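Visitor: So the sequences go chain by chain: A and B. Counting from 1 along the first sequence, just add 11 to a position and that's the residue number in our numbering. With our numbering, the residue at position 79 of the second sequence is 70, and numbering never jumps.
Please keep in mind that the hints were generated in silico from the structure rather than gathered at the bench. Owing to the predicted nature of the structure, the values given are computational and were not obtained by experimental measurement. One or more of the hints may lead you astray.
Between beta-carbon pairs, the in silico distance windows are [what the hints assert, rightly or not]:
no.	chain 1	residue 1	chain 2	residue 2	range
1	B	R198	A	L93	35 to 41 angstroms
2	A	P81	B	M98	22 to 28 angstroms
3	B	L107	A	N68	15 to 21 angstroms
4	A	A48	B	R89	17 to 23 angstroms
5	A	K80	B	V172	50 to 56 angstroms
6	B	I70	A	G51	44 to 50 angstroms
7	A	K80	B	E201	33 to 39 angstroms
8	A	S108	B	I202	57 to 63 angstroms
9	A	T83	B	V63	57 to 63 angstroms
10	A	E65	B	R104	21 to 27 angstroms
11	A	K80	B	A62	47 to 53 angstroms
12	B	K97	A	E66	43 to 49 angstroms
Lysine-lysine pairs mimicking DSS-like chemistry, simulated, CA-CA at most 25 angstroms apart [claimed, not checked]:
no.	chain 1	residue 1	chain 2	residue 2
13	B	K7	A	K62
14	A	K47	B	K150
15	A	K21	B	K7
16	B	K90	B	K150
17	B	K65	A	K47
18	B	K199	A	K62
Note that beta-carbon positions come from the ideal geometry of N, C-alpha and C, so glycine has one too.
Chain residues, written in single-letter form:
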Amino acid sequence: MKVNISGLNKVFENRVRLGIMSVLMVNDSYDFNNLKATLGVTDGNLASHLKALEENNLIRVNKQFIGRKPNTSYSVTNNGALLFRTHLKALEDLINSQ
Amino acid sequence: MDSKSNYFEDLKVIKKVMEESSRFLSLSGLSGIFAGIIALIGAAIAILGFMNGGILFVDGYTTGMSSHDIAVLKSEFFIDAILVLIFALAFSFFFSIRKSASKGLKMWTPVSRRLLINLMIPLFTGGILIPILYFQDQWQFIIPLMLIFYGLALVNAGKFTYNEVFYLGLSEIITGLVSAVFPVYGLFFWCFGFGLLHIAYGLIMYRKYEI
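This is chain A alone, in the form it adopts within the complex (with noise of 0.2 angstroms):
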């Protein structure tokens, strides 16, 4: 993962990725249909993203069946929430730098 000098992660360089992981900082998880309707965005945008965290391991997916429907929650993993907070105290440093 590519991480720049100034604690800026890319792989939080995307406004969906944002607010999924803004999403789960502070939900204990959240499922796929709350989460689109959340962030206002399509099933295969919101899949793409949510794999892409899943793969450098900062999102846990957690499969279950409500009833007979299955049913796909997200939770963060402790080091998704740690290079977030990272990425978020880069983000407010910066602005107030400049």
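Since chain A is already given, all that's left is putting chain B on it; use the hints.
Guide: Using the frame of chain A, we list chain B on its own:
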């Protein structure tokens, strides 16, 4: 590309998404104002309608009344209270739906479900205990318990919506505890807690978030 304003936009998105996904922001101050007005109307109906203009629950309030009259009085109070509850809830749903529609927010979200569960547990506990006491003629702590359980419900639910709800809850709990010391003035405390506090906090929230 102006990267600084881009970072600034990023932070704004993060803050907005965090807030919207962890707090129910469709709650309207108007709900509080109307709940307060309805509570005061309900109290006025009780005082003028079937307490014959009296407002104090003095000892021996019901002595000299036939058991039939006492039963009538009890059901009048009960119906009045239920009507206040129904109208206050109806208005709060109405204003919340209206606010969520005007702000483009969703009403039924994971956070609004959590809000309801946290609100309902203390509220149902009180909602079951209080009628039990009421129909056992244990009148003394009815009003303090109404205020206290309602306050606990708001404190519990306050984590999932505006902070003012938490402080309204604390104010209701304090009002309830004080009213337990002065049972004679129960109706005054009831009007203060369910009427004036609702209106005051409703106005604060309305001015802060909706103007």
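Visitor: Evaluate each hint against the coordinates.
Guide: The hints, checked one at a time:
1. In this structure, R198 (chain B) and L93 (chain A) meet the distance hint of 35 to 41 angstroms, their C-beta atoms being roughly 40 angstroms apart.
2. A hinted range of 22 to 28 angstroms for the beta carbons of P81 (chain A) and M98 (chain B) is consistent with their spacing of about 25 angstroms.
3. Separated by about 35 angstroms at the C-beta atoms, L107 (chain B) and N68 (chain A) break the suggested range of 15 to 21 angstroms.
4. A C-beta distance of roughly 20 angstroms is found between A48 (chain A) and R89 (chain B), which places it inside the suggested range of 17 to 23 angstroms.
5. Here the CB-CB span from K80 (chain A) to V172 (chain B) is close to 53 angstroms, well matched to the stated 50 to 56 angstroms.
6. About 46 angstroms separates the C-beta atoms of I70 (chain B) and G51 (chain A), a value consistent with the hinted range of 44 to 50 angstroms.
7. Checking the proposed 33 to 39 angstroms range against K80 (chain A) and E201 (chain B) shows it holds: the Cβ atoms sit about 37 angstroms from each other.
8. For the pair S108 (chain A) and I202 (chain B), the supplied restraint of 57 to 63 angstroms is violated, since their beta-carbon distance comes to about 35 angstroms.
9. Distance hint check for T83 (chain A) and V63 (chain B): the Cβ-Cβ separation is about 58 angstroms, which falls inside the suggested range of 57 to 63 angstroms.
10. Between E65 (chain A) and R104 (chain B) the CB atoms are about 26 angstroms apart, so this pair conforms to the stated range of 21 to 27 angstroms.
11. Range check, K80 (chain A) to A62 (chain B): Cβ separation about 51 angstroms, and the 47 to 53 angstroms hint holds.
12. For the pair K97 (chain B) and E66 (chain A), the beta carbons lie near 30 angstroms from each other, so the given range of 43 to 49 angstroms is not met.
13. With a C-alpha separation of about 23 angstroms, the suggested pairing of K7 (chain B) with K62 (chain A) holds against the 25 angstroms cut-off.
14. Taken as a hint, the K47 (chain A) and K150 (chain B) pair is honoured in the structure, with Cα atoms around 24 angstroms apart against an allowance of 25 angstroms.
15. Our distance criterion of 25 angstroms between C-alpha atoms is met by K21 (chain A) and K7 (chain B), whose separation comes to about 21 angstroms.
16. Our distance criterion of 25 angstroms between C-alpha atoms is met by K90 (chain B) and K150 (chain B), whose separation comes to about 20 angstroms.
17. Between K65 (chain B) and K47 (chain A) the CA atoms are separated by roughly 51 angstroms; this puts the pair beyond 25 angstroms, and the hint is violated.
18. Straight-line distance between C-alpha atoms of K199 (chain B) and K62 (chain A) comes to about 40 angstroms, which puts the hinted pair past the 25 angstroms bound.
Hint check: violations occur at hints 3, 8, 12, 17, 18; the rest are consistent with the structure.
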